[in-house]
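Based on these hints, arrange chain Z on the given structure of chain V.
Protein chains in written order, with this note's numbering: chain V, 32 to 85; chain Z, 33 to 337.
Everything labelled a hint here was simulated from the structure, so no lab data went into it. Each hint should be verified, as a subset may be incorrect.
What follows is a list of derived Cβ distance ranges for each label pair [stated by the list, open to error]: (1) V:R52 to Z:D300: 46 to 56 Å; (2) V:L68 to Z:A322: 20 to 30 Å; (3) Z:K110 to V:T73: 46 to 56 Å; (4) Z:R121 to V:A64: 19 to 29 Å; (5) Z:V284 to V:A53: 39 to 49 Å; (6) V:R54 to Z:M140: 16 to 26 Å; (7) V:L68 to Z:R124: 23 to 33 Å.
Positions of the beta carbon are idealized from the N, C-alpha and C atoms, including for glycine.
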Amino acid sequence: MNPNDDHLSPAESEAYRARQRARSKVLGLILGALAVLFFAITIAKMSVHASGQM
Amino acid sequence: MDAAKTLTLPADWRDFFALTKPRVMTLVIFTGLCGLLAAPGDIHPVLGFTAILCIAVGAGGAAALNQWWEADIDAGMKRTRERPLPAGRMDRESARDFGFALAGASVMVMGLANGWLAAAILAVSIFYYAWIYTVWLKPRTPQNIVIGGGAGAFPPLIGWVAVTGHVTLMPVLLFLIIFFWTPPHFWALALFVQTDYAKVGIPMMPVVAGEKATRRQILAYAVFLLPLTLVPWFIGGTGLVYGLSALVLGLVFVALSVRVGLRTSVPDDGMKPEKRLFGYSVLYLFVLFAMLVADRIATVQGWQA
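One chain only, chain V, in its complex shape (with noise of 0.2 Å):
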C-alpha cells in the first residue's frame, strides 16, 4: 500500500510514513552495528593470525 493514496486520511498517511521512519532507524542501526562487527571480526582474526593461536 502506498502512504501517498489518495483515499488515506492524513492521520492514516502520518501513521505509515512514522511506522516506516521507526523501522529504517532500527534497520539502519543493525547494519552500522554489523558493519562495526565486520571490522573488529577482521581485526581480531588478523591478531589472532599474528600472533600464532590458529
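Positioned in the frame of chain V, the structure of chain Z alone reads:
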C-alpha cells in the same frame, strides 16, 4: 480486504523482535556462553562475542520460522494467541523471510568468524528446531518434546566448539544434560496448561498418554538426569566445584520430581508442585551451567586440582 477502509501498517520492528522469542533466547545465550567459557582454550573476546551473537540470532531465526509455521496453532492457544502473527500485526511472508534471513546470516557470520564446524552445528540446530521439531515431530508424536529437546541442547556444544574447533566427549555431555533436562522441565509446564494443547490437537504427553504416565516419566527423566550430570566430574572433565553442585542441585530436582511423579491431581488443586518443579527446573539449569564455568575458573586459578 477493502484497502480504502482498512489501513494495513507495515509490521512494527518490536513485533519482529518479539518473533525471536527473546525470553527463550536468554537461556540460549546463557548456556552458549557457559559452553564457551568452560571450554579449555582461549578465544579472542571479539570472536567469543560473535559466537554468542550468532547462536542468539540463529535461535531467533529458528523461533521466527517456528511461528511462521505454527501461526494457526498459536491462534488457538491462550498463551500464544497474542503473538505477532496470530494477532494479525504481521503478515506470514514477513515472518518467514525474517526467519530465513536471521538463520542464514548467523550461520555465515559464525563460519567466517569461528570456523565452519561450529557454523555447521549451528545450521543443524536451526534445521532441527524449525523443521524436525516444529514441522515433523510436534504435531505427530507425544515424544515431540524428548527429541525436540535436542534443539535447545545445541548452544553449549556450539559455544564449546567455537573455542576448541573440535567435538569431544565433554561438549556432547553438556548437550545430553540439556537434552534429558527438557522433558521433565516441559512436561511440568504441560501438566498445568494441558487444556490448551488439547484444544489445538498437539499431542502433548499429558493429553495423549494421560497425566499419570506423564508424571512417571517426569520422575524417570529426573532420576536419570542426576547421574548423567555427574559424568563430567567422574571422567575428570570438571572438578569438585561442579561435581558437588551438580549433586546437590540434582538431589533437589529429584525430590521435587518425586512429589510431582507420585501424586494425582484433583480438580482446582492449583498444581503447586508442578509449578514449583517448572520454576526450579529453569533455576537448576542456570545454576548448573554457572557452576560449570565457576569450576573452570577455579581450576585455571589453581584453587582445585
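Quick rundown of the hints versus the structure:
1. Taking 46 to 56 Å as the suggested C-beta distance range, the pair V:R52 and Z:D300 conforms, at roughly 50 Å.
2. A hinted range of 20 to 30 Å for the beta carbons of V:L68 and Z:A322 is consistent with their spacing of about 27 Å.
3. As the Cβ distance of Z:K110 to V:T73 is approximately 48 Å, the hint placing it in 46 to 56 Å holds.
4. Checked against the given bound of 19 to 29 Å, the beta carbons of Z:R121 and V:A64, roughly 25 Å apart, stay inside it.
5. For Z:V284 paired with V:A53, a C-beta distance near 46 Å keeps the hint of 39 to 49 Å intact.
6. The hinted range of 16 to 26 Å is satisfied by V:R54 and Z:M140, whose Cβ atoms lie roughly 23 Å apart.
7. For the pair V:L68 and Z:R124, the beta carbons lie near 30 Å from each other, so the given range of 23 to 33 Å is met.
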